[in-house]
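Novice: Take these sequences, add in the hints, and give me the full structure.
So the protein sequences, as listed, match chains W and R. First residue of the first sequence: 1, per the numbering used here; consecutive thereafter. First residue of the second sequence: 1, per the numbering used here; consecutive thereafter.
Keep in mind that a hint or two might mislead.
A short list of chain R residues far from chain W (calculated; beta carbon distances all over 12 Å) [unchecked claim]:
id: 1; residue: 49
id: 2; residue: 102
id: 3; residue: 136
id: 4; residue: 246
Footprint (simulated), chain R over chain W, 3 or more residues, beta carbon under 8 Å [what the hints assert, rightly or not]:
id: 5; segment: 65-79
id: 6; segment: 109-120
id: 7; segment: 148-154
id: 8; segment: 220-232
id: 9; segment: 253-263
id: 10; segment: 269-275
Because the hints were derived from the structure by calculation, they are not lab data. Computed from a predicted model, the values in this text were never measured in an experiment. We treat Cβ as the ideally placed atom computed from N, Cα and C, and that holds for glycine.
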Amino acid sequence: MMQVGKMTQRWEGKGAVTEPTWVRYLLVTAALAFLALFLLMPLAAVFVQALDKGWEAYLEALKEPDTISAIRLTLITAAVCVPLNLFFGIVASWAIAKFSFRGKSFLITLIDLPFSVSPVVSGLIYVLIFGLQGWLGPWLQTHDIKIIFAIPGIILATVFVTFPFVARELIPLMESQGREEEEAALTLGASGLQTFFRVTFPNIKWGILYGVILCNARAMGEFGAVSVVSGHVRGSTNTIPLQVEILYNEYNYAAAFAVASLLALLALVTLAIKTVSEWKMQQSISVAGKER
Amino acid sequence: MAWSSGKNNVLPGFTPALGYTIFYLSLIVLIPLSALFFKTATLTWDGFVAAVTAPRVLASYRVTFGASLAAAVINAFAGVLVAWVLVRYRFPGKKLIDALVDLPFALPTAVAGITLASIYSQNGWLGRYLEPHGIKVAFTPLGIAVAMVFIGLPFVVRTVQPVLEELDQEIEEAASCLGANRWQTFRRVLLPTMLPAILTGFALAFARAVGEYGSIIFIAGNMPMVSEITPLLIITKLEQYDYAGATAIATVMLVVSFFMLLCINLLQKWSRRFAE
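Specialist: Shown next as structure tokens:
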């Protein structure tokens, strides 16, 4: 049946450093059972329940005007947040990976900070600044600018939670590549920008794709932080995850899962692209290693 | 070390790049986070203590930290098992499963939340078999722990996996030559090598679970004193326009996050030294 008995190449045929066959079968079965229970079952449940009332009801649920407007808002949010954090990620990793300076590791810790903050707290801090009782609240109100319970607040909270994705991917990648290639290009007379686009960029493009795709997935799927600043106005300040919540709380389960299935598909596409870019990155690192 | 290794570094753009990095970091992260502390500073000390030690708040800490701890322990064991199987054995569909381990990172939390709630509810795929045996998962603290196991699952796997891959086979051969059986080799040789990575993954999973909101609220039931998590309490306070209360609790959460971040950094330093 399953070829558990075989080991991966390095471990093949080394009796002294492997386990008896039955132990191997047992461990693989236990691991797969755990993953099936906690990963595959939820994934399957999304799609099964989305199609619970058939394809027509599924498509009908996706054509709801409120759902369409939630999809539009989610796309707008991602279209603003991802480029902002992409640009920051490239600039920050250039400074951090290609130069040495004091306080570098502290700076990296600060960049990672948004990952350790609870999403709810991430939303709250913007309410404290831009909300009616916040620092800028009164000024914003007299000038009739709405940030909290409006689209700018949603975008700000999303920029915060997706802040580290590109940078934390590119910093180690660029560090591992060193700066000899860039130095050679500059010596041969290339300008700074030429060096970046002709030399650095081709080396980091898969890392950029990896960071962007994860940043995008989080931007489109963020729930906690956005839920604090959105105000939940149907058809105007609801993103896809918030729309899922509303439909679910109205006991409209089939529609909730139909909309949720869009996000689950996004997650699967994300995983696929992530796996490919990981593979390409490893390939480019090992090629670079051989050339050196 | 010099401020920049300017003398022997010919690459351009250091000053503007670092300047922009610090500017954008301050604008998006540091200034907004400091708003939390400034707002808390406007509270009196007694008011702050009263807000963060109210019985309902204390109960929410117990639920949040208790469930996070339980979930992180489960993830530590399951994570080592999954990492071990993925590195050491060959079986059909292994590559696919390896990629799927990251699903909890990619799947939006609200989707995970409603899905887990529906699976473990009374008529759900698992709930219908568990409830007749008196095991209630949905709308109990147990459900909170289940959601936290889901979202924390990749952390231990992804920290232990590279350590196992790098491991030198000769150590195990040596142990075997010296007469250790397989279990002794695992306990006395492999486990100590993996320990820093396991603890790092454990701390990451714990930290993530403590702050988690989206995947939990649907399955938690959210009963005050019983199954109400601290992040939800912050939102409840906000909806009641109790900004001071929300801010005080959020400050406690943020201090806990900083402390966890410090622990994780120290653990990572330790594992790096261990690897050398």
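Novice: Does each hint hold? Answer for all of them.
Specialist: Here's how the hints hold up against the structure:
No beta-carbon of chain W comes within 12 Å of the beta-carbon of residue 49 of chain R; the shortest separation is about 20 Å. Some Cβ of chain W comes within 12 Å of the Cβ of residue 102 of chain R; the nearest lies about 6 Å off, and the non-interface call is violated. Distance check on residue 136 of chain R: its Cβ is at least 17 Å (rounded) from any Cβ of chain W, clearing the 12 Å threshold; non-interface status holds. Chain W draws residue 246 of chain R into its interface by the beta-carbon criterion, the shortest separation being 6 Å against a cut-off of 12 Å.
Counting residues of the segment 65-79 of chain W whose CB lies closer than 8 Å to any CB of chain R gives 0, so the stated coverage by that chain is violated, three being the minimum. Here the segment 109-120 of chain W counts 11 residues with a CB under 8 Å from a CB of chain R, which clears the bar of 3, and the coverage holds. Counting residues of the segment 148-154 of chain W whose beta carbon lies closer than 8 Å to any beta carbon of chain R gives 0, which falls below the threshold of three, so the coverage claim is violated. Proximity of the segment 220-232 of chain W to chain R, defined as three or more residues with a beta carbon under 8 Å from a beta carbon of that chain, is established by the 7 residues found.
Beta-carbon proximity to chain R at under 8 Å applies to 5 residues in the segment 253-263 of chain W; the threshold of 3 is reached and the given coverage holds. Note: the segment 269-275 of chain W has 5 residues with beta-carbon separation from chain R under 8 Å; the three-residue rule is met and the coverage holds.
Taken one by one, the earlier hints fail for this structure at numbers 2, 4, 5, 7, listed in ascending order.
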